[in-house]
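Protein chains in written order, with the numbering used here: chain V, 1 to 137; chain Y, 1 to 367; chain H, 1 to 348.
Pairs of lysine-lysine residues, derived as BS3-like cross-links and limited to a Cα-Cα distance of at most 27 Å, are as follows:
(1) Y:K322 to Y:K86
(2) Y:K37 to H:K158
(3) V:K9 to Y:K202
(4) V:K102 to V:K77
(5) V:K48 to Y:K291
(6) V:K5 to Y:K202
(7) H:K158 to Y:K41
(8) V:K102 to Y:K288
(9) V:K48 to Y:K288
(10) Y:K341 to Y:K41
(11) Y:K291 to V:K76
(12) V:K75 to Y:K291
(13) H:K322 to V:K5
(14) H:K322 to V:K9
(15) Y:K322 to Y:K294
(16) V:K102 to V:K76
(17) Y:K367 to V:K62
(18) V:K102 to Y:K294
(19) V:K62 to Y:K51
(20) Y:K291 to V:K70
(21) H:K322 to Y:K202
(22) V:K36 to Y:K291
(23) Y:K51 to Y:K322
(24) V:K77 to Y:K291
Here are a few chain V residues that face chain H, going by a calculated C-beta distance under 8 Å:
(25) L7
(26) M11
(27) T14
(28) K17
(29) M18
(30) K20
(31) N22
To list a few chain H residues with every Cβ distance to chain Y over 10 Å, as calculated:
(32) N23
(33) V51
(34) D90
(35) V186
(36) Q190
(37) W287
(38) R343
(39) V345
Simulated from the structure, these hints should not be mistaken for lab results. Positions of the beta carbon are idealized from the N, C-alpha and C atoms, including for glycine.
Single-letter residue listing:
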Amino acid sequence: MLFGKGLWKGMRITFKKMMKPNITEYYPEVMPTLPKSVRSSMGLDPAKCIACGMCATACPNKVINLTSEKDETTKKKVLKSYQMNVGRCIFCGLCTEACPTKALTVTQEFENSVFSRDDLLWDMIERSKRNGKGENA
Amino acid sequence: MGEASTEELIVNLGPQHPSMHGVFRMVVHLDGEIVTKVEPKMGYLHRGIEKLAESRTYQQFIPYTDRLDYLASPCNNLAYVQTVEKLMELEIPERAEYLRVIFAELARIASHMVFISSAALDIAGWTTWGYPFRDRERILDLFEMSTGSRMTTNSMRIGGVQNDVPPEFWPALQSFLEDLPDMLEEYYGIYLGNEIAMGRMKHIGILSPETIKDLSLTGPVIRASGFDYDVRKAEPYGIYDRFDFKVPVLNGCDTYDRNMIRLYEIEESGKIIRQAMENIPDGPVMAKVPKLIKVPAGEVYHRVENPKGELGFYIVSDGTQKPVRIRIRTGTFTNLQSLNKVLIGNTVQDLIVIFASFDAVLGEVDK
Amino acid sequence: MEALNQLPRVIAAAIRGLFADPNSVWADLTMTIIGILAVVIVIVLAVLVLVVLERKVAGWASLRPGPNRLGPIGWFQTIADALKIMSKEDIFPAGADKLVFAIAPAIFFCIPIMTLAIIPFGDGMVPVDLDLGVIYFFAVSSIGTLLLLMAGWGSNSKYSLMGGIRAVAQMISYEIPLIFSVLGVVMITQSFNLTDIVVAQKTIPFIFIQPLAFAVFLIASVAEVNRAPFDLVEADQEIVAGPFTEYSSIRWGLFYLGEYGNMVAVAAMATTLFLGGWQGPGFLPGWIWFWLKVGVIIFFMMWIRWTFPRIRIDQLMHFAWKFLLPLALLNIILTGFGIYIYRLVIGG
Chain V
1 MLFGKGLWKG MRITFKKMMK PNITEYYPEV MPTLPKSVRS SMGLDPAKCI ACGMCATACP
61 NKVINLTSEK DETTKKKVLK SYQMNVGRCI FCGLCTEACP TKALTVTQEF ENSVFSRDDL
121 LWDMIERSKR NGKGENA
Chain Y
1 MGEASTEELI VNLGPQHPSM HGVFRMVVHL DGEIVTKVEP KMGYLHRGIE KLAESRTYQQ
61 FIPYTDRLDY LASPCNNLAY VQTVEKLMEL EIPERAEYLR VIFAELARIA SHMVFISSAA
121 LDIAGWTTWG YPFRDRERIL DLFEMSTGSR MTTNSMRIGG VQNDVPPEFW PALQSFLEDL
181 PDMLEEYYGI YLGNEIAMGR MKHIGILSPE TIKDLSLTGP VIRASGFDYD VRKAEPYGIY
241 DRFDFKVPVL NGCDTYDRNM IRLYEIEESG KIIRQAMENI PDGPVMAKVP KLIKVPAGEV
301 YHRVENPKGE LGFYIVSDGT QKPVRIRIRT GTFTNLQSLN KVLIGNTVQD LIVIFASFDA
361 VLGEVDK
Chain H
1 MEALNQLPRV IAAAIRGLFA DPNSVWADLT MTIIGILAVV IVIVLAVLVL VVLERKVAGW
61 ASLRPGPNRL GPIGWFQTIA DALKIMSKED IFPAGADKLV FAIAPAIFFC IPIMTLAIIP
121 FGDGMVPVDL DLGVIYFFAV SSIGTLLLLM AGWGSNSKYS LMGGIRAVAQ MISYEIPLIF
181 SVLGVVMITQ SFNLTDIVVA QKTIPFIFIQ PLAFAVFLIA SVAEVNRAPF DLVEADQEIV
241 AGPFTEYSSI RWGLFYLGEY GNMVAVAAMA TTLFLGGWQG PGFLPGWIWF WLKVGVIIFF
301 MMWIRWTFPR IRIDQLMHFA WKFLLPLALL NIILTGFGIY IYRLVIGG
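With the rest of the complex left out, here is chain V (with noise of 0.2 Å):
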C-alpha cells in the first residue's frame, strides 16, 4: 500500500524545485514596487486642504485632529494644524475618499515603524514639508 506512484511524483516535483531559481525578493537589498493605490500610508497637501473636517467625520476610530480659524480677509477658513493618531488608524481609507479636493491622498511608504509610542502622533503638516508634497516613496 504505501510505495506506490504518488510517492515517486511527489520527489519529482521537489526535485525539479530544486533546480529552479528561487523567487525570493532580496529586501531590504532590492525595494520592492507597490501600486499606485496601495494605502500603507497617509499624506497631506497643506495648500490643497479647506479644513472641512469630512476626514474626520468619516473616521471609524477618531484618528485625525484638525484645528482651523477663520482667515479674516477671504473669509474662508484655513488650516492651523493637523494631527493624526497611527496607533488607532485601521488604514482603511474612508477619509482619503471623503475628501472633496484631494488634499489627503495615500502614500506608498511603507516602512513606518517608529520606537515610541509618541512617535505615532504624526503632524502632518511637519510631514508634507519633508520630501516636497509628501507624496513618493
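Place chains Y and H on chain V using the hints.
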C-alpha cells in the same frame, strides 16, 4: 491481584500550540491515545465587533467586517453591503455587480489555498506549505492593484464598489487563470495524491448527515457528506443566477473528501471568474447615494456563501445613521459545535488532522 | 594520489616512532586517544555543515534561498545557532527526576561518537578496529531508545511521556528489519569486521548484489534516527516536541546535535556495507570518496524529509512488522540460495 487501573489523561491543547489555526483552546480527555471527550473553549479573539457596530455609521462599519474572516475579506464585505442595500432597496450598476463577483470568487480561491497549506502543515508536509502561499501572492497582488490593500481590502461600498480597476488588472487576472490548472495539479501531486497523506486522512472523522441536520452546519463541510446545498444556487444573490457553474458534492463524509472538495471548488471559481471577465459591461461603478447614508427603519436578514460556511447579517435599524443592532451569524462558529460528535474515538494524531479539515478561522468564531 | 591515500598511515607511523618502544602500551594508548579526538572533531565539523545543509535543502525545495545572511551565502549559520543555544537559560522543571533528566542528553551525544569510532574512513584509517564491528554498532545504537524514554519520563510532563512511549515503540519495531537486512552482507563476506567487508567490495559494491537489503536498510535507518516521514517522536504539531519539550539551552543542543550525529553514523554504515567504503577511481584519495558517498545518502534522506508528510503510529507498526520484516527475511533466503549456487558452479 486486581487489574491495573488506568487514569484518564486530561490534556490542554491550549491557545498556544504549534498546530496553527489561531487562538483556539480544547480540553481533551484521553484514554491512552484515544479521545473520549472534547471541550472546546472559544473566545480568545473576541473583539466586540457587534457592540462596536452600535456606535458607527453604516459606511464606517465596512472596514470592521473585513476582519471577521480575514482570509476572504471581500466576501464579508459583500454580505454586509448587500444586507444594507436590501433594506434600502437600492439598485446597483451592472459593472459593479460583475466586479463584486470577481472579487468574491478570487477571495474564495485565496481562502482555499490557505486551507490547503495549513492542513498540509498539520501532517508535516513542510514543502507543501510554500506552494499555495506562493500562488496566493498573485491574488494578493491583484487585490493590492485594485483596492489598495492585500488582506483587509475594504473593497465594497453601499451602492457599488470602491473604485474601478486599473487597466493592468485584466492581463494579470488572465495569466493567473491560465496557470490555475497547473497549480491544482501540483497540489494534488505533492500532497493529496500522496499515499501517506491518503492513509492519514481516509476513513477518519466521519461527519454523518444526521449530525449535519441536527446542528445546521453549512459550507464545504456538508458538501463532502453528500448534501447538495449551496446558497449561491438555493437563494441566488447579486447576479449569481447568470453564471453556469456546478456545485461539487462528494459522498465520503471523511477528512480526505473535505480536503478534496476544496480543490474542486477552486476549479469552479475559476470558471465563474472567466465568465465574468468575458461579459463585464462598461459603465459607472457606484450608484447615486448621499454621503451620509440614512437607512429606513426595519429589520432585515441576508446570507451569502462564504468559503467557510454561510455568513448572515441581521440588521435592526430605526431610521438614523447608526444601526441599533447588528447580529452576525458565521459559518465556523456553528460548524465547531459538532466537534464532540466527530472527534470521539479517534487518536490524538487524527484529532489534529480532523480539526484542520474544518477550516476554522478564529476571527469568524469569536468576532 | 597514492601518496595522499597513504598519508594517514605515514602520520600514524611517525607518531608511533616518537616513542622509545613503538609497540608499547603507552604508544597504543596515545594512538587510541588521538583516534577518538579525531572522531569527535569529525562529528562536530559534520554537524556544523549538516545543520545549514538541511535548511538550505528545505529552502531549495520550496524555491527559497535558505539562510543567506551569515557568512558566504549563509554557511556560518550553525555557529550563530550554537552561540544562541548556549546563551539561553537552563530550565529545570519542578518535579523532574534530577538524575534521569540530566544524564539523558549527555549520553545521547556520546552514542554517535562511539558508533563512528569503528568505521573505516579510508585505507587504514580506523580509530578502533573491532572484529565484531557490525554487532557492536547495532548494540550501541539501541541505547538511544532507552535514553529517549529516560528523557520522556524524567521531564514530568504529559507531552514528554507520550513522546517517550512512541519513541520506544518505533525504535524497537525498526531495529529488527535493520539488523536482518545486514545479515545478507555478512553471509557473503563471512566476517563481522568492517574493514574486511569493505575490502570484499573491491570488484563490485554490494548494492548491486543486495538491492533489496539496501532498500530495507535505508528505510529502517531513516526510522531509527527519527527523521521524517517517521518523526512521530518529536511531532511538532501534536505533542509539541515529544521527549525534548522540557529541555532548554545546551541540554537541548546536545539532543539536536546527537540526532545529526546519528544520521552521519547511519549513513556512514550504509556506505561501508553497501557502497564500497573508501574505494573509488584513482583520481581522488579514498577518504574524499567516502565523504562523497556519505553526502549522497544524507542528501537523499533530506530530500525525503522535505517532501513527504508524516505517517501515523499504527501505520508505522504495520509497515515495520508486516512489510519490511518479511522483505528482510526474503532477502536472507535468496542470499542463501545464491551462495549455494555460486559454490556449486564455481566450486570454491
